[in-house]
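From just these sequences and the hints, can you work out the full model?
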Amino acid sequence: MVLSGHIIGHACAINAGMHATMIQSFGPEARGSACSTTLVVSDTEVLYPYIQRPDIFVVMSSEGYNQYRDELKDDGILIYEKDLVHPKLKKGQASYGITSTRIAESLGRKIVQNIVMLGFFGSVTKIAPREALREAVLSSVPAGTEELNLKAFDAGCEYFDKEFGDAAKGKSGKKVKAGT
Amino acid sequence: MKTDPLGVLTGEHYLDGDYACGEGAMAAGCRFVAGYPITPSTEVVERISQRFPMIGGTFIQMEDELASMAAIVGASWTGVKSMTVTSGPGFSLMMENIGLAAMMETPCVVVNVQRGGPSTGLPTMVGQADMMQARWGSHGDYEIIALCPESPQEAFDLMTDAFNLAEEYRTPVLFMMDECVGHMTEKVVIPDPDKIDIVPRKLTRAKPEEYKPYLVNGNMIPEFARAGDGYKFHTTGLTHDEKGYPVMSEECQAVLVKRLVDKIRLNADEIAKYKEDGVDGADVVLVTYGITARVARMGIDLARKKGVKVGVIRLQIVWPFPEKRIRELAGKIKAFVVPEINYGQIVLEVERCAAGKVPAILVSHMGGGVHNPEDIRDAILEAAK
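These protein sequences, in sequence, are chains A and B.
In terms of the numbering used here, the numbers along the first sequence are unbroken and rise by one, the last being 180.
In terms of the numbering used here, the numbers along the second sequence are unbroken and rise by one, the last being 385.
Heads up, none of these hints are tricks.
Below, simulated DSBU-like cross-link-like pairs (lysine-lysine); rule was C-alpha separation at most 30 Å, straight line: (1) B/275 <-> B/263; (2) B/263 <-> B/202; (3) B/306 <-> A/73; (4) A/73 <-> B/305; (5) B/207 <-> B/232; (6) B/273 <-> B/309.
No lab work stands behind these hints, which were simulated from the structure alone.
Rendered as structure tokens:
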């Protein structure tokens with residue numbers, strides 16, 4: 001989760017010329033339990049690093065969903081792991097689900113489900129150009145895993161293209177919260 | 001002179017403030033770090049311990065903070081640029097040897113990534129309550145230099161200033177980060193090594209038999225001789241004469257301690273580093289530092305929308321305090337507003353410099369988080385009345 005936030009921030013700040021400030025879970029939760037990352041992405045300098053109500057909430061577990069669901073803005077976007085999270089949305093909230101775990105398993109390693117989700121997230125939000133995110137994946141993952149991670153990223157993008165096509169309208173300058 | 005390119009990771013990076021601080025130290029020429037890692041500063045030494053083997057640096061994980069501080073003082077006397085890294089509880093333990101470094105005039109840098117206190121307080125959460133400890137923490141009369149970055153980029157950039165000031169004034173320099181800046185990840189641009197100017201150790205040219213370690217010639221800063229270069233001399237925490245030997249007298253104490261204080265106090269304008277915005281013609285001026293400076297800019301924007309003329313002085317170097325500038329402004333404005341994550345520290349210094357001419361209003365956050373920008377706006381609006 002933290003790596004995903006780092007990759008999105010890297011893509012926006014280094015590859016796409018925006019400002020991106022990331023804060024991650026710190027403490028025991030960052031070492032094995034449910035954890036979260038928040039990211040503020042903006043065209044202007046980020047003065048306030050924390051998030052009260054995110055515009056976009058990416059969630060990959062039901063535990064994370066239950067913990068953070070009330071924080072999502074009333075007109076925010078929920079992006080979720082379809083097999084694990086069963087959202088109860090407010091009127092005005094858009095949602096996009098992906099079977100990221102199953103897709104990752106089909107690629108051979110469940111651990112890359114965060115990168116599948118990342119490709120999907122980038123496609124839904126258009127927060128940064130797809131290539132900027134792809135490059136950030138490449139420069140952030142451990143050596144020797146690049147090919148698998150890029151496959152995972154592309155699989156997430158393809159899932160979006162197949163399931164949602166042009167239906168999703170991207171938003172920029174948004175606050176993102178990601179939770180497992 | 002230009003810095004050693006080996007330590008400079010030129011390029012655009014996405015780093016947290018702690019990593020940026022570590023990169024800044026290496027870019028500034030630091031090659032010895034001793035520490036006893038503590039949250040929220042651990043990532044500084046994590047970064048350094050990973051990168052030092054590649055650039056010829058030495059990192060030692062010590063048994064505690066007293067030893068860490070002692071080790072960097074000793075290392076500095078071999079001529080290497082040295083640093084230790086800690087947070088509040090460790091900072092308290094380092095105070096005795098920070099005094100020793102000040103007394104022996106040992107260039108070195110101490111990073112304190114501030115968390116909530118007192119005692120073990122809030123290990124993983126932000127505070128700015130060690131600012132007066134930075135100024136007064138060790139016993140006796142001395143002056144200190146302390147810097148406060150507001151972002152990962154500045155954590156990198158100001159590190160060069162920290163090491164350069166340590167060399168220039170032969171003094172320990174304190175790098176007062178806070179947990180929020182330390183754990184916040186942002187873009188950090190590391191320049192080419194030929195853009196980084198560093199101050200080398202000012203080594204003596206005297207013959208070994210004629211060298212006096214604390215002899216000064218006008219500028220109040222004695223020349224340095226490295227251990228191992230053939231100079232035989234004595235240095236001590238006791239009050240000493242220009243030969244470095246203890247002299248227990250009123251006269252020697254007056255000469256030595258006045259010089260220790262004056263070499264910084266009388267150069268305060270030279271050392272001062274702050275950024276101003278909208279101060280000319282302002283009714284209210286904020287004095288800010290660290291993460292609070294950023295959040296305060298939101299409060300300022302909100303107040304300006306209400307028509308208040310508000311300016312800000314953001315302190316990049318907090319000690320020595322820019323007393324002259326605050327005194328000048330005190331005669332021209334209605335009030336100072338000082339937001340800080342403590343129960344009133346730098347506001348006392350602003351109040352002292354304002355000398356009763358205008359109020360200095362504290363906007364306190366007790367720690368564990370940052371201010372609500374609306375609270376800062378409200379304080380500005382109240383001050384402008």
